[in-house]
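2 protein chains.
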Amino acid sequence: MSKRVAIVGVGMSKFGEIWDKNLRDITLEAAMYSIFDAGIKGSEISGVTIGNMSAGRFTGQEHLGAQAVDQGGLGNVPSYSVEAACASGGAAVRHAYMAIKSGEHDSMMVLGCEKMSDVNQTEAMNTISVASDWEWEGLFGATFPALYAFMARRHMLEYGTTEEQMSKVTVKNHANAAHNPWAQFQRPVPLKVVMGSAFLADPIRVLHSAPVTDGAAGLIMCSEEKASEYTDTPVFIEASAQAGDTLALHDRDDICTMKAVSISAREALKRTGLTINDIDVFELHDSFTIGEIIITEDIGIAKKGEGGKAIDEGLTDIGGKFPVNPSGGLKARGHPIGATGVAQIVELVLQLRGDAEGRQIDGVEKGMAVNIGGTGATSIVHIVGR
Amino acid sequence: MSKRVAIVGVGMSKFGEIWDKNLRDITLEAAMYSIFDAGIKGSEISGVTIGNMSAGRFTGQEHLGAQAVDQGGLGNVPSYSVEAACASGGAAVRHAYMAIKSGEHDSMMVLGCEKMSDVNQTEAMNTISVASDWEWEGLFGATFPALYAFMARRHMLEYGTTEEQMSKVTVKNHANAAHNPWAQFQRPVPLKVVMGSAFLADPIRVLHSAPVTDGAAGLIMCSEEKASEYTDTPVFIEASAQAGDTLALHDRDDICTMKAVSISAREALKRTGLTINDIDVFELHDSFTIGEIIITEDIGIAKKGEGGKAIDEGLTDIGGKFPVNPSGGLKARGHPIGATGVAQIVELVLQLRGDAEGRQIDGVEKGMAVNIGGTGATSIVHIVGR
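Chains W and A, in that order, give the protein sequences.
Taking my numbering, I'd label the letters of the first sequence as residues 1 to 386.
Taking my numbering, I'd label the letters of the second sequence as residues 1 to 386.
It is worth saying that the hints were derived from the structure and are not from the lab.
Predicted model only: the values in this text are computed from it and were never measured.
Think of the CB as a built atom: it goes at the ideal place given N, C-alpha and C, for glycine as much as any other residue.
Check each hint, because a few of them may be wrong.
No farther apart than 30 Å at their CA atoms in a straight line, the calculated lysine-lysine pairs in the DSS-like style are these [as the list claims (entries may be wrong)]:
no.	chain 1	residue 1	chain 2	residue 2
1	A	Lys41	W	Lys304
2	A	Lys226	W	Lys41
3	W	Lys270	A	Lys41
4	A	Lys259	W	Lys3
5	W	Lys270	A	Lys259
6	W	Lys3	A	Lys270
7	W	Lys259	A	Lys41
8	A	Lys226	A	Lys3
9	W	Lys226	A	Lys41
From chain A, some residues computed to sit far from chain W (all C-beta separations above 10 Å) [stated by the list, open to error]:
no.	residue
10	Lys21
11	Gly56
12	Gln61
13	Ala66
14	Leu74
15	Pro78
16	Tyr97
17	Glu135
18	Glu158
19	Tyr159
20	Gln165
21	Ala201
22	Asp251
23	Ile276
24	Lys303
25	Ile380
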């Protein structure tokens, strides 16, 4: 039914603790790589959308759309900043998708960025809590590790999920990131080290948790008709779907599932006429490894309660039936909040083009990204294909 | 050429220093008034877009889209938060316009909000500076009053604009706000008082400047086809246009003009086939009164340099040829940053429906809103008609 939108260029800054560059530097880096990759002229870009959660607190700068246009030398084109907590990047992709489908824009640059390491750890933790329900969660000390610990503990109780399974997600994602030159942690980590790492909030350990990261990612998107002007290997957004849920975790009937994820994934699949078995590669939101386990269940890779078993059986390994997070995911590629949802799509595009080098999955035709905000109050799903 | 989008409901919270309510309360208030006004069921709203600049700093809460859906009891519908500094409200309107035009949404609730009075004045001033180029302006002490003072001083030098003319804008807008029950300052202010008020940054005085305000505004928008289900008096967005400019003022060739305003206003008029003479009512961004003078010139109400003269001649009074800010504008209605662009459209809808009571302009068919971010790094123009 719906007109497809093409992705004709991708780019990333290095993810990590980037001490020698500021937010505008790393954002410009991702923008420039994307522009070079697409071979597009700046004058052909009719708008910029940027996903970011909290630059106002992390760096003192909002109005990032205007800054990106300014830094990129793009003149007087309109720019849009969008925010949906940790799903800000996915929201930027969806915004540009709608802007192109609406006919208001022909071709857009989509950016995601966050510079998190310029504040101290206390301020970083407080700032991350803007994504939760501040007045009913954050203010009372329920940090994100604590909130995900509730989910993990309940999942363990209901379904027998183990700490080892949560740790194996980390091992898998680090092993994948070892082949990703943009990743924050390009090295494997042994299971024993993960399971021996310090608790943040029992049963969540530090190595079950995505790090504090600086980074930016970019895409050049255009209408299907214009794609051939820029590339012989366009990737298409075949569906974009989004759903929401209560902001606070305690308002949900069941904290072992993310209802917004199941609704948005089902909707995206419906729009493409595909089933989950048709998807060859997944980038799923593993801000905490229990999150990856829950999401694999909610999108139908595993039955509810069997996400842990899927890890044990290697189902989500690069060589498995449903490879999840070949990039290393949020855990090992890093999680610069606003950049994550864009970086997920960058990885899918590289996989579909066959450009993912040491982490390439064979014969990839379709990919799915699931980018969530908070503990699942927002879920944005994109299905891409070639 | 373009499909129109309908506005079928409007609502506002009271604007002012709202000590007994928090951000979610005032946002919900605007949402509920909008829903009641449209007579729409919550289940018929397929998405929510919210414009806000910096709730992360003002209140500790981001992810406002999810919060609005949650507070409104709207279940699992998707939500979007957009930011473009002081143009965040206009950006929300434009986002929803594109979302509906794209076919992704049938009917949307658009909200704009800001709760600015919960922080001290120093923090409020610093937070407002996130809209400027923080590293090259704000950080060096160039606050917004200072930046607009540069523009005012130059405009006085180039064109002979006077402090009295800037003050008369205040007098006009306060006189209008006296008839607006939602306005922060519902009282006239004599010219002598304006001209005797303290300097913020010479020649900008405190009464040339919009206040710190809490407030929220809302719209219900839907496709043209569905409008008749909700109202007999729909107002249509006939054009939405946006342009950008350098983030920092010092990077522009001419600081007596806002290039983004002239580009976006011209584009909006072009899309409707109208000229400026066809517009019956204007809501223009008077965060500082020199801003209103410059914008009247940039959109073609007055020739460049003659915006001050237009004020002297009463051209922009309610009874004049080009009535500007019948609501009281940012100066007197108040300027809760993210709410402003939405509130401008609320006022135009009331004027087009004939519901603007003591400030009603006769025979209004078309209205224009100009919402800018920073010193004009973003300009968003909407033309509405009935």
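Verification of the hints:
no.: 1; hint: A:Lys41 x W:Lys304; verdict: violated (33 Å)
no.: 2; hint: A:Lys226 x W:Lys41; verdict: violated (40 Å)
no.: 3; hint: W:Lys270 x A:Lys41; verdict: holds (26 Å)
no.: 4; hint: A:Lys259 x W:Lys3; verdict: violated (34 Å)
no.: 5; hint: W:Lys270 x A:Lys259; verdict: violated (45 Å)
no.: 6; hint: W:Lys3 x A:Lys270; verdict: holds (26 Å)
no.: 7; hint: W:Lys259 x A:Lys41; verdict: holds (22 Å)
no.: 8; hint: A:Lys226 x A:Lys3; verdict: holds (13 Å)
no.: 9; hint: W:Lys226 x A:Lys41; verdict: violated (40 Å)
no.: 10; hint: Lys21; verdict: holds (13 Å)
no.: 11; hint: Gly56; verdict: violated (5 Å)
no.: 12; hint: Gln61; verdict: violated (4 Å)
no.: 13; hint: Ala66; verdict: violated (4 Å)
no.: 14; hint: Leu74; verdict: violated (8 Å)
no.: 15; hint: Pro78; verdict: violated (4 Å)
no.: 16; hint: Tyr97; verdict: violated (8 Å)
no.: 17; hint: Glu135; verdict: violated (7 Å)
no.: 18; hint: Glu158; verdict: holds (22 Å)
no.: 19; hint: Tyr159; verdict: holds (23 Å)
no.: 20; hint: Gln165; verdict: holds (28 Å)
no.: 21; hint: Ala201; verdict: holds (20 Å)
no.: 22; hint: Asp251; verdict: violated (7 Å)
no.: 23; hint: Ile276; verdict: holds (20 Å)
no.: 24; hint: Lys303; verdict: holds (22 Å)
no.: 25; hint: Ile380; verdict: violated (8 Å)
Violated hints, in rising order: 1, 2, 4, 5, 9, 11, 12, 13, 14, 15, 16, 17, 22 and 25; the structure is consistent with all others.
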